[in-house]
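Assemble the complex: chain L is given as a structure, and chain S must be docked to it using the hints.
Take a look at the letters that make up each chain.
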Amino acid sequence: MVALATFLQRELRLLARQKADWLNPVLFFVIVLSLFPLGIGPEPNLLRIIAPGVIWIAALLSVLLAAERLFKDDYRNGVLEQLVATRQALWPFVFAKLISNWLSTGLPLVLLSPLVALLLNVDSASFLAMLLTLLLGTPLLSLLSVLGAALTVSADKGGILLALLILPLYIPLLIFASAAMEAAAMALPYYGQLAIMLAMLLVALALVPFAVNSALKINVS
Amino acid sequence: MALSDISRFVLLRQYGNMRPIFPVVDSKRPVIKHQPFSVIVGQELLQAQALSCIRQDRVLFEQLSFTVRAGDILQVAGKNGAGKSSLLRLLAGLSAPDEGTLHYRSQPLSDVVDDYAANLCFIGHQSGIHEQLTALENLAFWRAAAGVPQPDDYALLAQLGLAGLEDIPCNMLSAGQQRRVSLARLWFTSCQVWILDEPFTALDQSAIAMLQQYFLQHLNRGGAIVLTTHQNLTLQYNSLTTLELAYRW
Numbered sequence: 001m002v003a004l005a006t007f008l009q010r011e012l013r014l015l016a017r018q019k020a021d022w023l024n025p026v027l028f029f030v031i032v033l034s035l036f037p038l039g040i041g042p043e044p045n046l047l048r049i050i051a052p053g054v055i056w057i058a059a060l061l062s063v064l065l066a067a068e069r070l071f072k073d074d075y076r077n078g079v080l081e082q083l084v085a086t087r088q089a090l091w092p093f094v095f096a097k098l099i100s101n102w103l104s105t106g107l108p109l110v111l112l113s114p115l116v117a118l119l120l121n122v123d124s125a126s127f128l129a130m131l132l133t134l135l136l137g138t139p140l141l142s143l144l145s146v147l148g149a150a151l152t153v154s155a156d157k158g159g160i161l162l163a164l165l166i167l168p169l170y171i172p173l174l175i176f177a178s179a180a181m182e183a184a185a186m187a188l189p190y191y192g193q194l195a196i197m198l199a200m201l202l203v204a205l206a207l208v209p210f211a212v213n214s215a216l217k218i219n220v221s
Numbered sequence: 001m002a003l004s005d006i007s008r009f010v011l012l013r014q015y016g017n018m019r020p021i022f023p024v025v026d027s028k029r030p031v032i033k034h035q036p037f038s039v040i041v042g043q044e045l046l047q048a049q050a051l052s053c054i055r056q057d058r059v060l061f062e063q064l065s066f067t068v069r070a071g072d073i074l075q076v077a078g079k080n081g082a083g084k085s086s087l088l089r090l091l092a093g094l095s096a097p098d099e100g101t102l103h104y105r106s107q108p109l110s111d112v113v114d115d116y117a118a119n120l121c122f123i124g125h126q127s128g129i130h131e132q133l134t135a136l137e138n139l140a141f142w143r144a145a146a147g148v149p150q151p152d153d154y155a156l157l158a159q160l161g162l163a164g165l166e167d168i169p170c171n172m173l174s175a176g177q178q179r180r181v182s183l184a185r186l187w188f189t190s191c192q193v194w195i196l197d198e199p200f201t202a203l204d205q206s207a208i209a210m211l212q213q214y215f216l217q218h219l220n221r222g223g224a225i226v227l228t229t230h231q232n233l234t235l236q237y238n239s240l241t242t243l244e245l246a247y248r249w
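If you're matching them up, the sequences are chains L and S in order. According to our numbering, the first sequence is numbered sequentially starting from 1. According to our numbering, the second sequence is numbered sequentially starting from 1.
None of these hints come from the bench; they were simulated from the model. These numbers come from a predicted model, not from an experiment. A few of these clues could be false.
Unchecked claim - Some but not every residue of chain S turned toward chain L, in silico, with C-beta under 8 Å:
1) GLY128
2) GLU137
3) GLY147
C-beta: ideal position from N, C-alpha, C; glycine also.
Chain L extracted, bound-state conformation:
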């Protein structure tokens, strides 16, 4: 636990010193969503219809943007190799990465959701659904992007490989999240979709740390 706290503190410090790494994806999210009303035209009903899909696609791509650099620095300067040699210390490191990744890429999206709702004319019922899906979905996005980053850390230009690996895993989330928001817009219950998203999150939370751990070990050996 001491190690986890120290490692998390380190990650947060690094986020504070390398602001572009996490601000760019967040800005990307806002810019994409603010361009849609301009490009499609100020047609409130149309915007409301496309909002769920557009919001979630922008969220997926923005999280993907932040993923590539996750382990790169630590791989290049040998931190990763020497952590793998200690064996135990790799676990808190992986969890610190997961938490800091969500805090820097997932949480800003949740916090920006009122602004996004305003831009895309999302009504209050759908807004609640959007908030809930973002709260449940962004941790899952973080888990998957950490996994992708761990798998591609030793690849020189891993960006496109990372996208190919991870985007298919994002698709179930995209489907259920936008379905939940569409159901909310039609005043239908959407607990089913939320429950499936929660289930996906829990499964990923249980399995992804093991996969990340193994992926990092393979990549340094």
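Just chain S, lined up with the frame of chain L:
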């Protein structure tokens, strides 16, 4: 020159317009306390039998056998590309040998790999230092990774000639100073086996002398060291073995 003299010398130097706050260092007080590891004199710690390593279809070495006992220092020498780093990575448990076996305390390494890792301090070819973090923050990270509680890192860094540079991101330090930050880990680790890849790179003469002196202390405590270096060790070690790897096509 005593260590405290080195740090005092560094205290006097100016680093641009940065005005670091100097900690009060009591040079008489022993700064670092070592957690003792259990030592059986002459115990076989690492035993390599008929190791082979193949990289990119090239046999780096084969049928390599040696033993590292408590108190031993093994210097791996050889030309660039002879397989020194690959051997060290094998010994650190980061990769598996293509042939042959490794034993730790007479047990196969794969059976006791967690025990071994807990007793191993590996500092590789890269420094293990994040450039955006300060010396103190880097040390705190490795301390947490090693599970060693927080004593006085200011004193440790001063001892290593880094007084006044504790709160500066490491990318502002010179290569040798970064190497010192990286090696500072050796001063608080409680591990018995040290595996060091080119520890003297970029260090100046006084730092090399200090490090070799510190190696001697570790050996006298019953520790074991495996290192690669292109420089000759200037200090006379009784238990030094040199392993010369030939470059093979």
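Right, here's what the structure says about each hint:
With a least beta-carbon distance of about 5 Å to chain L, the hint placing GLY128/S at the interface is held under the 8 Å criterion. Below 8 Å, beta-carbon pairs count as interface contacts, and GLU137/S has one with chain L at about 6 Å; its hint therefore holds. Checking GLY147/S against chain L by beta carbon gives a least distance of about 7 Å; that is within 8 Å, so the hint holds.
Violated hints for the displayed structure: none, as all numbered hints are satisfied.
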